[in-house]
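Protein sequences, first through last, are from chains A and B. Each residue of the first sequence is one higher than the one before, starting from 1 at the first, in this note's numbering. Each residue of the second sequence is one higher than the one before, starting from 1 at the first, in this note's numbering.
Calculated from the structure, these hints are not laboratory results. Quick caveat: nothing in here was measured; it's all calculated off a predicted structure. Just to be clear, a hint being listed does not mean it is correct.
As the list claims (entries may be wrong) - Okay, the calculated bits of chain B under chain A, using three or more residues with CB under 8 Å as the criterion:
(1) 23-32
(2) 39-52
(3) 56-63
(4) 77-86
Claimed, not checked - Calculated Cβ distances over 12 Å to all of chain A for the following chain B residues:
(5) M1
(6) E2
(7) N19
(8) V92
Unchecked claim - Simulated crosslink set (PhoX-like; lysine-lysine; CA at most 25 Å straight-line):
(9) B/K81 x A/K99
(10) A/K138 x B/K53
(11) A/K60 x A/K99
(12) B/K42 x A/K114
(13) B/K25 x A/K114
(14) B/K20 x A/K114
(15) A/K120 x B/K20
Glycine included, each C-beta is placed from N, C-alpha and C at the ideal position.
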Amino acid sequence: MIVDEATSHFIFIVPADHVYLTYNYINYKGNELTNKEYLEYWGKWIVWGTREELGLLAKKLDRFVEQKVIPAAKYDRAEISEFQFGECVMCVYCDARQKEEVWDILSSLGIEDKAWVFEKETVERWQPGGHLLEKWIKGRGLDEIEAEKVRQSSRKKFRTMFEDENAIFRGINQ
Amino acid sequence: MEVTIRLTSILATRFTENNKVIALKLEGKYSLVSLIDGLEGKFPGFQTALQGKDGEIADGINIYVNGENVRYLEGLNTPLKQGDVINIIPAVTAG
Numbered sequence: 001m002i003v004d005e006a007t008s009h010f011i012f013i014v015p016a017d018h019v020y021l022t023y024n025y026i027n028y029k030g031n032e033l034t035n036k037e038y039l040e041y042w043g044k045w046i047v048w049g050t051r052e053e054l055g056l057l058a059k060k061l062d063r064f065v066e067q068k069v070i071p072a073a074k075y076d077r078a079e080i081s082e083f084q085f086g087e088c089v090m091c092v093y094c095d096a097r098q099k100e101e102v103w104d105i106l107s108s109l110g111i112e113d114k115a116w117v118f119e120k121e122t123v124e125r126w127q128p129g130g131h132l133l134e135k136w137i138k139g140r141g142l143d144e145i146e147a148e149k150v151r152q153s154s155r156k157k158f159r160t161m162f163e164d165e166n167a168i169f170r171g172i173n174q
Numbered sequence: 001m002e003v004t005i006r007l008t009s010i011l012a013t014r015f016t017e018n019n020k021v022i023a024l025k026l027e028g029k030y031s032l033v034s035l036i037d038g039l040e041g042k043f044p045g046f047q048t049a050l051q052g053k054d055g056e057i058a059d060g061i062n063i064y065v066n067g068e069n070v071r072y073l074e075g076l077n078t079p080l081k082q083g084d085v086i087n088i089i090p091a092v093t094a095g
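When you get a sec, could you build the whole thing from the sequences and use the hints?
Written out as structure tokens, the structure is:
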């Protein structure tokens with residue numbers, strides 16, 4: 001199911017069951033991941049292109065997501081100007097233990113650039129001193145006081161989120 | 001030995017005259033170090049974008065060999081073999 005809400009930067013492809021809160025796509029073979037497992041195994045294949053190209057790919061992926069052979073995906077509604085990347089990005093999520101099966105699907109749909117990113121890397125890069133957070137702060141032109149507020153907020157958010165490593169992972173607000 | 005390097009648009013625009021796919025013949029040791037040396041030989045200035053001041057892979061760059069991030073392999077010493085595909089992308093794509 002493609003969830004396209006104008007208020008969100010991202011357009012999501014998630015199982016309809018997930019939208020209606022009866023299913024958590026962050027699982028491996030039906031077992032929800034704990035915070036510890038999430039940081040160890042969860043990740044994504046990265047695909048980049050124009051919004052139109054990613055929109056076409058999203059339509060092709062939707063049936064695989066509904067069949068639950070691909071857990072979920074999301075892509076940029078527009079380029080993130082702060083990052084100066086020049087293209088939109090799609091993240092196709094899955095557990096690392098099933099990533100080659102998911103890659104085979106992407107490859108069959110014509111994707112050639114193969115780049116896997118663990119969520120742990122992303123979490124680290126959005127923490128104070130991390131490349132993504134600092135680049136975002138710089139791109140926004142924040143003064144040092146505002147920048148420090150953003151860093152403290154990030155620090156608190158991730159500490160709260162992962163403090164119980166055995167709790168079921170409940171997602172990151174986006 | 002020949003490998004294929006695939007770049008995102010922004011890196012190709014800045015460093016390789018818009019060549020997004022580059023076939024590179026390697027000589028000597030077949031590792032990521034020799035690949036970066038080869039790229040620098042063809043496209044001067046590229047090496048400084050790929051390696052930080054400490055000589056390691058720059059924090060803002062991810063390099064993949066056949067889809068695996070070399071940070072989880074052997075970093076700059078990751079061995080390469082005939083036919084490998086190397087993707088070089090800015091780390092901002094990992095957000």
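Do the hints match the structure? See the list:
1. 23-32: Coverage by chain A is violated here, the residue count being 0 at a Cβ distance below 8 Å.
2. 39-52: This one is violated; 0 residues, fewer than the three required, reach chain A with a Cβ under 8 Å.
3. 56-63: holds (count 3)
4. 77-86: Result for this restraint: violated, n = 1.
5. M1: Check passes; 20 Å lies beyond 12 Å.
6. E2: It holds; B/E2 is separated from chain A by about 17 Å at its closest Cβ, greater than 12 Å.
7. N19: Its Cβ never comes within 12 Å of chain A, the nearest being 15 Å, so this holds.
8. V92: The assertion about B/V92 is violated, with a minimum of 4 Å to chain A.
9. B/K81 x A/K99: Holds, because 23 Å separates the two Cα atoms, which is no more than 25 Å.
10. A/K138 x B/K53: holds (21 Å)
11. A/K60 x A/K99: Status holds; Cα separation ~18 Å.
12. B/K42 x A/K114: holds (24 Å)
13. B/K25 x A/K114: Holds, because 21 Å separates the two Cα atoms, which is no more than 25 Å.
14. B/K20 x A/K114: holds (14 Å)
15. A/K120 x B/K20: The hint is violated at about 28 Å.
Violated hints, in rising order: 1, 2, 4, 8, 15; the structure is consistent with all others.
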